[in-house]
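K.L.:
So the chains spell out like this:
Number of protein chains: 2
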Amino acid sequence: MINQLTIFGVGLIGGSLALALKKAGYCRRIVGCSRRESHLQQAVELGAIDSYTLDAGEAAEGADVVFLAVPLGAMKSILSDIDGHLSAEAIVTDAGSSKASVVEAAREVFGTIPSRFVPAHPIAGREKSGVTAAVADLYVDHKVILTPVENTSAAAINTVAAMWEATGAKIATLGVEQHDRVLAATSHLPHVLAYALVDTVSRTGYVDEIFQFAAGGFRDFSRIASSDPTMWRDICIENRAAILENLDHFQSELTKVRELIHQSDEAKLFDLFDHAKSIRDAKIANRD
Amino acid sequence: MINQLTIFGVGLIGGSLALALKKAGYCRRIVGCSRRESHLQQAVELGAIDSYTLDAGEAAEGADVVFLAVPLGAMKSILSDIDGHLSAEAIVTDAGSSKASVVEAAREVFGTIPSRFVPAHPIAGREKSGVTAAVADLYVDHKVILTPVENTSAAAINTVAAMWEATGAKIATLGVEQHDRVLAATSHLPHVLAYALVDTVSRTGYVDEIFQFAAGGFRDFSRIASSDPTMWRDICIENRAAILENLDHFQSELTKVRELIHQSDEAKLFDLFDHAKSIRDAKIANRD
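For the record, the sequence lines run as chains A and B. Once you know that position 156 of the first sequence is 156 in the working numbering, the rest is easy, because the numbers rise by one and skip nothing. Once you know that position 206 of the second sequence is 206 in the working numbering, the rest is easy, because the numbers rise by one and skip nothing.
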């Protein structure tokens with residue numbers, strides 16, 4: 001049970017956490033803070049938050065838990081804004097899609113990584129964004145990855161884990177660097193590919209036919225290209241190293257496949273496709 | 001109403017057509033032909049076909065409509081096998097995912113493209129293959145693209161269109177080359193990318209974590225990598241030119257995106273992602 005939760009960025013992620021914790025009766029009071037008053041008013045009307053302020057320092061005061069659900073590019077300035085306004089017992093956590101950059105931002109702002117800062121990443125989302133897209137069950141059966149560092153307090157980890165469990169989420173733990181490499185492969189690279197694919201298709205001169213005859217493959221494949229461009233711009237920059245590493249591996253692979261197609265190498269094309277199918281079937285098919 | 005329909009390749013595509021036409025009461029008799037007797041026995045047990053033969057010439061005799069639902073690489077040899085066994089009124093159609101190569105195969109076998117050959121492509125599928133995956137409603141509300149050539153008979157087109165409409169499918173018409181370019185972009189390239197992505201990921205050394213934390217993006221994106229490798233090997237070879245053209249455009253685009261990420265070019269990354277999102281939202285979002 002949390003007395004006061006303060007949420008920075010009451011959009012899809014922050015709003016859905018608020019609605020889930022309201023539904024679970026897990027918070028006495030939820031305070032919202034963002035740059036846009038109209039969004040905060042909407043969040044009040046939707047019953048996600050109890051009150052709001054546009055002043056970050058004021059929002060942090062009295063909070064037992066502070067949750068940062070803003071684009072990665074805004075994390076550092078908010079940490080700066082709340083520095084000096086947190087109570088000694090306040091726990092800070094976030095929802096950033098890349099962890100090294102947020103941990104580094106905390107180190108820069110506080111001089112050291114606070115033991116009460118618990119870096120975290122809920123693996124959930126929708127293509128729609130904003131508090132109007134928030135739903136109380138967004139996190140049910142979804143994973144939330146905590147990436148504590150060496151000096152993160154066990155009590156703080158437990159508080160954040162319990163908060164997420166109250167939403168129906170399942171807790172997992174990874175190292176900061178491991179998280180960033182795994183997410184670069186499972187989420188960041190696919191988003192970059194989807195954006196690039198739709199962009200490529202849009203230049204073909206027969207874009208209407210392409211969308212008209214888009215079968216399941218293209219539809220599934222391109223769905224994530226409808227995601228929030230600001231969020232994905234920030235992720236590409238903040239997790240740049242891991243994304244570039246994965247992108248380079250992917251481009252080498254694609255060049256290899258291109259050569260096999262160019263040479264009509266039936267045997268090697270079959271082997272490559274068959275290998276990919278067997279990996280995916282073994283690892284994921286049962287969970288589709 | 002068709003008196004005798006002969007289906008070559010009674011797997012997912014051929015079997016689903018058979019089940020749909022049975023359900024609609026549209027065929028008096030459905031004959032199956034394939035290389036594997038066990039598959040044909042299964043098709044009889046599942047009620048998809050009435051009888052079968054392993055002899056292609058015999059299968060073609062007496063057929064009003066012959067439907068080729070075999071991998072692209074097998075089209076030409078079946079056309080050769082049935083040459084001389086077709087009645088003067090028999091209509092031949094197919095389900096090949098690329099059309100130029102099938103049309104060319106028909107030209108080579110028959111000396112000219114027969115007016116009673118209607119090249120076609122039902123835009124439907126599942127990751128599972130084989131007649132055990134066949135379902136009567138596979139084609140309901142799906143598009144079937146007909147790609148008739150200049151001398152294709154209008155009566156033959158009407159017969160094939162009516163057969164597909166009996167399954168609940170919707171008919172569309174494209175030129176052969178236009179079909180191959182559009183499908184290269186909407187279906188063939190995404191399949192190549194999905195196979196390449198899973199193959200890349202399988203080499204990372206943390207493949208278990210990747211599948212464990214695979215969010216919706218990766219799952220949607222990689223689903224088509226569970227497709228039949230034989231079918232996709234054949235498509236890559238038979239529609240090679242259009243696939244390579246699309247692949248080259250995609251790789252140029254990806255190289256451009258890579259450079260923007262490498263340079264942390266916030267403005268251009270945002271513009272590119274925002275452009276892709278707006279295109280997809282405008283063209284497809286309402287149909288998700």
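It should be emphasised that the hints constitute simulated quantities derived from the structure, not laboratory data. Mixed in with the good hints, there may be bad ones.
Any copy, or any two copies together, can satisfy a pair, since identical chains are not distinguished.
Under the rule of at most 30 Å between Cα atoms (straight-line distance), these lysine-lysine pairs were calculated in the DSSO-like manner [said to hold, decoys possible]:
1) Lys256 x Lys22
2) Lys128 x Lys256
3) Lys283 x Lys76
4) Lys283 x Lys22
5) Lys256 x Lys23
6) Lys268 x Lys256
7) Lys268 x Lys76
8) Lys143 x Lys268
9) Lys143 x Lys256
K.L.:
Does each hint fit the structure? Answer for all of them.
P.N.:
These are the hints, each one checked on the structure:
1. Lys256 x Lys22: Answer is neither; intra-copy 52 Å and inter-copy 45 Å both fail.
2. Lys128 x Lys256: Classified as between; 27 Å across copies, 36 Å inside a copy.
3. Lys283 x Lys76: Neither: 37 Å inside a chain and 37 Å across chains, both beyond 30 Å.
4. Lys283 x Lys22: neither (36 Å within a copy, 37 Å between copies)
5. Lys256 x Lys23: neither (51 Å within a copy, 45 Å between copies)
6. Lys268 x Lys256: both (10 Å within a copy, 29 Å between copies)
7. Lys268 x Lys76: between (48 Å within a copy, 22 Å between copies)
8. Lys143 x Lys268: The answer is neither: 37 Å in one copy and 32 Å across copies each exceed 30 Å.
9. Lys143 x Lys256: Cα proximity of Lys143 and Lys256: none, with 34 Å in one copy and 33 Å across.
Of the numbered hints given earlier, the model fails hints 1, 3, 4, 5, 8 and 9; all others are met.
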